[in-house]
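*Asks:* Now for the letters of each chain:
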Amino acid sequence: MTDEATAKLTASDGSKGSEGRSPGRLAWKRFKRDKTGVISAYVVIFFFVIAIAAPLIAKLYGKDPYTTYASANPNLLNVFSYPAGPNGGMSSDFWFGIEPQLGRDVFTFLLYAIRTSLGIALAATLLTVFLGVVIGVTAGYLGGKTDYLVGRVIDILLSFPSTLFFIAFMPVIYGLFIAPDEDIPTWLRATGLIIVLATFGWASIARLLRGQVLGLREREFVEAAKVTGASPRRIVFKELLPNLWTPIIIQGTLMLPAFVTAEAGLAFLGVGMIDPTPDWGVMIQRGAMFYTEDITFMLFPGLSMVIFVLAFNLLGDSVRDALDPKSKR
Amino acid sequence: MAAPAATPLYFPPGDGAPSGKSRLMFRFLVRRVIGALVILLIISAITFWLFYAVPRDPAMMSCGKNCTPENLEQIRKNLGIDKPIPVQYWLWLVGIFAGRNYAGFDYCNAPCLGYSFANREPVYDTIMDRLPTTLSLAFGAAVVFLILGIGAGMLAALKQGKFLDKFASSASLLGSSLQIYFVGYIAMFFFVAQLGWLSQPQYTPLTDDPGAWFSGLLLPWLVLAIIFTANYTRMTRSQLVEQLSEDYVRTARAKGLSRANVFFRFAWRGAMGPIVTVFGIDLGTLIGGAIITESTFSLQGIGRLAVKSVDQSDLPMLLGVTLLAAGAIVFFNILVDAVYALIDPRIRLA
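Protein sequences appear in the order of chains A and B.
Per the numbering used here, the first sequence starts with residue 1, numbered consecutively.
Per the numbering used here, the second sequence starts with residue 1, numbered consecutively.
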């Protein structure tokens, strides 16, 4: 995501001037010098590659996340339905061991879990940022009554106890699409999560961008554009937005890891994705059932999530430093 | 509500007289409390509307197997859900301030939040029953993470660039990437199941047995603290570093004040504002229901009550919990802005 964003910044500078000292190029140079940032970028890319290539990796590895391997081969689990081998049944056949009770393959389950969780978090981040930008820029640019109204809606949304409303809101979303006695299809659960996360997430971005636009609106270059008869559309897209990319990217990098953990948290509480859909939160929820007997099964989703979130936070810090070197963390 | 509504402005000379300031404070509080009540009104209305946005009949669930149409009608009447939705909402609102008469139940004194659809207990009593658990969890954890976070942040700011600073910064980055639902179980695995140093987390009222209260909640406090400490360490450090390079700090040093005096009376006072703001937000969120924490440690607090009320389609309980949670958030917001103005004389209550 970062590379893409920086690449976009670099590409948009126009290739006139042999020095190439555009802000985007400068930010890219600063970023490349930051070792922590580069390493965490590789870790983050690694996770996204795994997520995209999960079906391919599973095919090469020869297993899938849904088959209960223990029913074909009962020796895999002991009499208490815990993995028979040491370390959660890790072996050359089952690299990350076997799930207690059902006996599914942990390695492929984790691959697909990362795929589901990252997919939902990424979609929710994009939607949230889009909503936040549209609403925030509109409120800031139009001002007056629109601005006042949007400001009050933001105030209310930010006073909501968010986790509580995630839980209360999910059944409503399902209820809009299907009858109460039907099973909820997986796509609907995913869509519902994205909608709920975005509904309660856009307010903070919108508030920030509104403030930025209020400041920019009075600047000479916007005045000049207005005087020369530029359309509002041109002013928003060509004059305002290029100046807002830095806060937008920074907010996006803060939001994605927060959504990854929120999505997993909802699954952990049983209102997000549910078993048998592979998901980080689902794995942790199942791990929580057996943690005293088989901690290995808990460690794989937990540690991989910590590594991803940590790497993404470090990457976010580096991107912030590169884009806005004056800011102090 | 990240940024306080107060705007930093210098008082013109003479305007800082005590009577003027306290009158300003009073007017500020009145205005903010009215604003908060409006927000609570809107949030409860949205909750009400959301609940009925899904076609459901709470009487059906309450009626059980041998349900006759007459029984169903009676239950609807008892629960007060035979009336149109706006009327139900109005009666609920009136009940909070004036009490309410339910058919088939005892008279419900103000503040009346109604009776649970699920177990027919008074909502107010159930919430009051659960509240001590959540309050113990929140305030206990707050004490731990404030001491650890601010202490570590102060040390890091004093030893800028040294090993201690780098260690505190790395630890806080790691801490902010951890999740309660992972660390909580890992901690329980090692300290409860394997080593047996601590008992399984549980709530014992403080008045019954302070020792059991403390040992039962110690693990949740520490786990919550690991996650929250990080933020305070980072913030304390960056705020102090900024304040220590301000002119007024240098002036105070140049006047010959001792290092410790300047650090605590000048730099720390200037650094406190943003920390108080975030602390208010965190405390409001924690009291509104640390839902995931309570689930992880199987504590029966407000958060668990909220999840249960959603599961059971228990509208009165859900409304009660939502009102409490949102109320805690707006209350601490107002409190934080007021405290902010007391700490920092440059803030005007506008």
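If you are wondering where the hints come from, they were derived from the structure by calculation, not from laboratory data.
Please note that a few of the clues may not be correct.
Stated by the list, open to error - Derived lysine to any residue pairs resembling SDA-like cross-links, with alpha carbons at most 20 Å apart:
#1 B:K162 with A:T36
#2 B:K166 with A:K226
#3 A:K226 with A:P247
#4 B:K308 with A:Y174
#5 A:K63 with A:N73
#6 B:K166 with A:L241
*Asks:* A separate judgement is required for each hint: does it hold in the structure or not?
*Replies:* Now the hints, each set against the structure:
Straight-line distance between C-alpha atoms of B:K162 and A:T36 comes to about 19 Å, which keeps the hinted pair within the 20 Å bound. As the CA atoms of B:K166 and A:K226 are separated by approximately 50 Å, the hinted pair breaks the 20 Å bound. Distance restraint check for A:K226 and A:P247: the Cα-Cα separation of roughly 24 Å exceeds the 20 Å cut-off, and the hinted pair is therefore not satisfied. Pair hint B:K308 plus A:Y174 holds up; C-alpha atoms about 18 Å apart against a cutoff of 20 Å.
A hinted pair counts as satisfied when its Cα atoms are at most 20 Å apart, and A:K63 with A:N73 qualifies at roughly 14 Å. Note on B:K166 and A:L241: the hinted pairing is violated, with a Cα-Cα distance of about 37 Å set against a maximum of 20 Å.
Figure legend: structure checked against the earlier numbered hints; hints not met, in rising order: 2, 3 and 6.
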